[in-house]
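Novice: Chains as they are written, first to last, in UniProt numbering: chain A, 1 to 109; chain B, 1 to 87.
Just so you know, these hints were derived from the structure itself, not from any lab.
The structure presented is a predicted model; accordingly, all values stated were derived computationally and were not measured.
All residues carry an ideal CB built from backbone N, CA and C; glycine is no exception.
Possibly wrong hints are sitting among the right ones.
[Said to hold, decoys possible] Pair by pair, the computed Cβ-Cβ distance ranges are:
#1 B:Phe81 <-> A:Val8: 22 to 28 Å
#2 B:Leu70 <-> A:Val4: 43 to 49 Å
#3 B:Val83 <-> A:Ile73: 26 to 32 Å
#4 A:Ser77 <-> B:Glu51: 24 to 30 Å
#5 A:Arg60 <-> B:Phe81: 23 to 29 Å
#6 B:Val83 <-> A:Leu65: 35 to 41 Å
#7 A:Ser77 <-> B:Ala6: 44 to 50 Å
#8 A:Pro31 <-> B:Leu21: 17 to 23 Å
[As the list claims (entries may be wrong)] Here are some chain B residues pointing at chain A (derived, C-beta under 8 Å):
#9 Asp32
#10 Arg33
#11 Val35
#12 Ala50
#13 Val76
#14 Ser77
#15 Val79
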Amino acid sequence: MSAVADWVGGLLLLAGALLSLVAGIGLVRFPDTLDRMHAATKPQVLGVLLLLVGLALRLRTGSDLGMLVLVAIFQLSTAPVAAQMIGRAAYRSGRVDRSLLDVDELADR
Amino acid sequence: MTVLLAVALTVLLSATALLALLRIYRGPSLLDRVVGADLLLSAMLAAVGAEAALNRHATTLPVLVVLSLLGFVGSVSLVRFAVRAES
Chain A
1 MSAVADWVGG
11 LLLLAGALLS
21 LVAGIGLVRF
31 PDTLDRMHAA
41 TKPQVLGVLL
51 LLVGLALRLR
61 TGSDLGMLVL
71 VAIFQLSTAP
81 VAAQMIGRAA
91 YRSGRVDRSL
101 LDVDELADR
Chain B
1 MTVLLAVALT
11 VLLSATALLA
21 LLRIYRGPSL
31 LDRVVGADLL
41 LSAMLAAVGA
51 EAALNRHATT
61 LPVLVVLSLL
71 GFVGSVSLVR
81 FAVRAES
């Protein structure tokens with residue numbers, strides 16, 4: 001039972017680190033601030049969550065679990081706010097390449 | 001198995017941190033650098049968590065909580081500063 005939890009936890013740790021690497025590659029290769037913001041937030045948050053689940057599966061005690069849930073809630077609630085602020089600042093300061101956009105939903109505001 | 005896992009995690013997270021540093025170095029605007037710093041801090045959080053998982057101790061869990069809040073406060077304040085500096 002505990003060996004299975006260890007293996008699953010190890011696999012989740014690996015998956016989380018892989019998603020972090022995907023975020024890093026996207027951050028370097030994408031051409032625009034908005035694209036980079038997407039690459040850095042979506043895979044990154046999922047990667048950190050997977051890592052936390054893997055960590056919880058390897059620690060397996062109640063109080064540690066509560067603290068990990070706290071970290072996960074912080075990540076889930078703050079990452080969208082920060083991404084939204086970065087995207088808004090990028091749009092307002094004119095750093096958006098309009099030829100890369102399908103629809104500019106803020107054009108008439 | 002644990003040694004192999006440690007090596008793989010170290011390689012993956014170091015590569016992530018290096019890519020984020022590259023973006024901080026190159027990033028044409030302050031906002032790109034903020035995104036890069038955010039990812040660098042997340043890689044650090046992941047590294048601390050991975051170390052705790054591999055050695056099976058819980059002493060660094062408060063560090064995880066502080067890091068996850070610190071990144072948010074840092075990037076939000078930097079973005080506010082960027083908006084004011086460029087307008």
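Novice: Between Val83 (chain B) and Ile73 (chain A), is the Cβ distance one that fits in 26 to 32 Å?
Specialist: 27 Å, holds
Novice: May I ask you to test the hint 23 to 29 Å on the CB atoms belonging to Arg60 (chain A) and Phe81 (chain B)?
Specialist: This hint is violated: roughly 43 Å between Cβ atoms.
Novice: Hint validation: Ser77 (chain B) versus chain A, beta carbon distance must be below 8 Å. Holds or violated?
Specialist: Violated: closest Cβ of chain A sits about 10 Å from Ser77 (chain B), beyond 8 Å.
Novice: How does the Cβ-Cβ distance of Phe81 (chain B) and Val8 (chain A) compare with 22 to 28 Å: does it lie in that range?
Specialist: 43 Å, violated
Novice: Against chain A, run the beta carbon of Val76 (chain B) and see if the smallest gap drops under 8 Å.
Specialist: 6 Å, holds
Novice: Take the shortest C-beta to C-beta distance between Ala50 (chain B) and chain A; is it under 8 Å?
Specialist: 6 Å, holds
Novice: Holds or violated: is there a CB of chain A closer than 8 Å to the CB of Arg33 (chain B)?
Specialist: 10 Å, violated
Novice: Just tell me: holds or violated, for the beta carbon distance of Val83 (chain B) and Leu65 (chain A) against 35 to 41 Å?
Specialist: 39 Å, holds
Novice: Just to be sure I understand the hint, the distance between the Cβ atoms of Ser77 (chain A) and Ala6 (chain B) should be within 44 to 50 Å; is that true here?
Specialist: The hint (44 to 50 Å, Cβ to Cβ) is violated, given that Ser77 (chain A) and Ala6 (chain B) are roughly 31 Å apart.
Novice: Using the nearest Cβ pair, does Asp32 (chain B) come within less than 8 Å of chain A?
Specialist: Interface hint status for Asp32 (chain B): holds (6 Å vs cutoff 8 Å).
Novice: Checking hints one by one. Is Val35 (chain B) an interface residue toward chain A, by the C-beta closer than 8 Å rule?
Specialist: OK, holds: Val35 (chain B) within 8 Å of chain A, min 5 Å.
Novice: How does the Cβ-Cβ distance of Ser77 (chain A) and Glu51 (chain B) compare with 24 to 30 Å: does it lie in that range?
Specialist: Given a distance of about 25 Å, which is inside 24 to 30 Å, the answer is holds.
Of the numbered hints given earlier, the model fails hints 1, 2, 5, 7, 10, 14; all others are met.
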